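Chains as they are written, first to last, in the working numbering: chain A, 50 to 150; chain B, 50 to 150; chain C, 50 to 150; chain D, 50 to 150.
Rather than coming from a laboratory, the hints here were simulated on the basis of the structure.
Predicted, not measured: the structure shown is a model, and the values here were computed from it.
It does not matter which identical chain is used: a pair holds within one copy or between any two.
Listed next, the in silico BS3-like pairs over lysine-lysine satisfying Cα-Cα at most 25 Å (straight line): (1) 145 - 111; (2) 84 - 145; (3) 84 - 103.
Protein chains: 4
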Amino acid sequence: MHVIADLCLIPLGVGVSVSSYIAECERILTAAGLKIELHAYGTNIEGEWDAIFKAIERCHEKVHAMGAPRISTTLKFGTRTDRAQTMEDKVSSVRKNLCEE
Amino acid sequence: MHVIADLCLIPLGVGVSVSSYIAECERILTAAGLKIELHAYGTNIEGEWDAIFKAIERCHEKVHAMGAPRISTTLKFGTRTDRAQTMEDKVSSVRKNLCEE
Amino acid sequence: MHVIADLCLIPLGVGVSVSSYIAECERILTAAGLKIELHAYGTNIEGEWDAIFKAIERCHEKVHAMGAPRISTTLKFGTRTDRAQTMEDKVSSVRKNLCEE
Amino acid sequence: MHVIADLCLIPLGVGVSVSSYIAECERILTAAGLKIELHAYGTNIEGEWDAIFKAIERCHEKVHAMGAPRISTTLKFGTRTDRAQTMEDKVSSVRKNLCEE
Numbered sequence: 050m051h052v053i054a055d056l057c058l059i060p061l062g063v064g065v066s067v068s069s070y071i072a073e074c075e076r077i078l079t080a081a082g083l084k085i086e087l088h089a090y091g092t093n094i095e096g097e098w099d100a101i102f103k104a105i106e107r108c109h110e111k112v113h114a115m116g117a118p119r120i121s122t123t124l125k126f127g128t129r130t131d132r133a134q135t136m137e138d139k140v141s142s143v144r145k146n147l148c149e150e
Numbered sequence: 050m051h052v053i054a055d056l057c058l059i060p061l062g063v064g065v066s067v068s069s070y071i072a073e074c075e076r077i078l079t080a081a082g083l084k085i086e087l088h089a090y091g092t093n094i095e096g097e098w099d100a101i102f103k104a105i106e107r108c109h110e111k112v113h114a115m116g117a118p119r120i121s122t123t124l125k126f127g128t129r130t131d132r133a134q135t136m137e138d139k140v141s142s143v144r145k146n147l148c149e150e
Numbered sequence: 050m051h052v053i054a055d056l057c058l059i060p061l062g063v064g065v066s067v068s069s070y071i072a073e074c075e076r077i078l079t080a081a082g083l084k085i086e087l088h089a090y091g092t093n094i095e096g097e098w099d100a101i102f103k104a105i106e107r108c109h110e111k112v113h114a115m116g117a118p119r120i121s122t123t124l125k126f127g128t129r130t131d132r133a134q135t136m137e138d139k140v141s142s143v144r145k146n147l148c149e150e
Numbered sequence: 050m051h052v053i054a055d056l057c058l059i060p061l062g063v064g065v066s067v068s069s070y071i072a073e074c075e076r077i078l079t080a081a082g083l084k085i086e087l088h089a090y091g092t093n094i095e096g097e098w099d100a101i102f103k104a105i106e107r108c109h110e111k112v113h114a115m116g117a118p119r120i121s122t123t124l125k126f127g128t129r130t131d132r133a134q135t136m137e138d139k140v141s142s143v144r145k146n147l148c149e150e
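Can you build the whole structure from these sequences, using the hints too?
This is the structure we're talking about:
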């Protein structure tokens, strides 16, 4: 199943600066062969179900191994059976609508 | 890895009444041996990583099979390495704090 | 506008134990006259738009005042114009579906 | 209070194609003077608390007026008191970490 997701992982118990943990997750997601796009409140991910969820599990394991005793993640993910859709498609169909009026 | 999660699955393209889809997901989660608790904006789930994510995959497959061409899910999930914690623990530690003053 | 919401507020930079912060938010939401229901991964809230968002703003202010330098909140909220619906309605329509087969 | 948020609004009961609704929300957010950045699973927003939540209320009102009987929104939002931070800061501190090794 093809998935477009948005990952926002928050390590707790490691202070307020969390960017080193997020950077490590980016590396894991990229190494898993997933298409990713970092934004200001998370990371868009595109790929197959198993690859995505296996990579996110590795992110949790790694962030714990880096010293975070607790993690709270918010993940949005969408699947569709009516047609294929990429992350670029989603952005461009909104942009197209923005230009139509 | 032990996980406490909160699942909110939204089928698109099937009108405004989505409770039959959610009920089917509850059955899948329960059949997977997971501890679940339905609330007004989602379902709390407690269990092991693989069991939870495999069951959620089956939810997406089933909701598509029921006729929903598109699904958008918001999932929160937490893991911790400092101590074991159940869903009841989380609620009771807030309740305990509420009673302390 | 009538709203059913689900609030999950995470204070950062205050360690792993966050229940005292959440308990304080419960007090603020209750004092605002909102109907709330605590669960294992957040708090369901029902009320009018302005009352809900004003109360959530007070939660952020209070949690910062309690010492949290950073807060990340995930909020789900729903509105509908087709019919009135309470938190109990949402839960009972899923339960009703669970019993139908 | 300065806020960085991530908005994902889902209209229900209007079929699977929702980009015209999202495009209308982008217009409302921009007209409110907010800094926004569309991505594949939502829209980053930066601005002051009242401006952001007032604009999101207008989004719900507009999407209902366009014909959606039901809306479910997932909103993440963060505030911090330790230092000022923009959306660009958040992205660049992760990028900086990615390059450090």
